[in-house]
Amino acid sequence: EAGVAQSPRYKIIEKRQSVAFWCNPISGHATLYWYQQILGQGPKLLIQFQNNGVVDDSQLPKDRFSAERLKGVDSTLKIQPAKLEDSAVYLCASSPPGVYGYTFGSGTRLTVV
Amino acid sequence: SQQGEEDPQALSIQEGENATMNCSYKTSINNLQWYRQNSGRGLVHLILIRSNEREKHSGRLRVTLDTSKKSSSLLITASRAADTASYFCATASTSGTYKYIFGTGTRLKVLA
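Chains A and B supply the protein sequences, listed in that same order.
For the first sequence, my numbering begins at 1 and goes up steadily by one.
For the second sequence, my numbering begins at 1 and goes up steadily by one.
Among the clues, some could well be false.
As the list claims (entries may be wrong) - Pairs of lysine-lysine, PhoX-like flavour, derived with a Cα cap of 20 Å: (1) Lys78/A x Lys62/A; (2) Lys83/A x Lys15/A; (3) Lys44/A x Lys99/B; (4) Lys26/B x Lys44/A; (5) Lys99/B x Lys62/A.
Hints are computed from structural coordinates only; laboratory data are not their basis.
Quick caveat: nothing in here was measured; it's all calculated off a predicted structure.
Looking at chain A on its own, in the form it has when it is part of the complex (with noise of 0.2 Å):
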């Protein structure tokens, strides 16, 4: 069975500009995830779908972090304008319907400098 796929694997970039990430599930997996990770602490979680739809946004800064996931497949989440305390690993993770453990993925490594 293949992984949750993410890339890129690293990003740097500037502050002010924006970035994506994409994140492809296993296959059949209905809920996915995007987590943050600061150096340091344990991964706070972002936003989860439920196929194609929000189950929950609450902790997004929706000012400048937005996902979507089309087709209940793939997603990205994309940070516009970043900032510099945005630098993060940003962790995709799906599961089946249920109580399962999650999959993550490898994660992207953002600096912003």
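Starting from the known structure of chain A, arrange chain B on it as the hints suggest.
Structure of chain B alone, referenced to chain A:
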């Protein structure tokens, strides 16, 4: 905000010893999971324990859950250098959205 808090924040042991890390949380949960994260990599799911379970085993891993104390522990027996990683607990509330909130993590270092 973090729901869970792991203790200790860092742990250093010799190969072959047992490692115990604890997780405390604040609100009622549906289930609790433990994940491992090697440096610079994604998280790997280790074990899930439901709120009506008290103990689960998986290989060298043993997880306990005490809902009255709102705490869980992860025991790794006969540790190996390859167990060096950060370990996180993640809790899902009883609201039914299966939204997992991660703790702050324990950094385990196993010395060969």
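Each hint, compared with the structure:
Pair hint Lys78/A plus Lys62/A holds up; C-alpha atoms about 10 Å apart against a cutoff of 20 Å. At most 20 Å may separate the alpha-carbon atoms for a hinted pair to count; Lys83/A and Lys15/A meet this at roughly 5 Å. The hinted pair formed by Lys44/A and Lys99/B meets the criterion: a straight-line CA distance of about 11 Å does not exceed 20 Å. The suggested pairing of Lys26/B with Lys44/A holds, with an alpha-carbon distance near 16 Å, which does not exceed 20 Å.
Restraint check for Lys99/B and Lys62/A: satisfied, since their Cα atoms lie roughly 19 Å apart, inside the 20 Å limit.
In this structure, none of the earlier numbered hints is contradicted; all agree with it.
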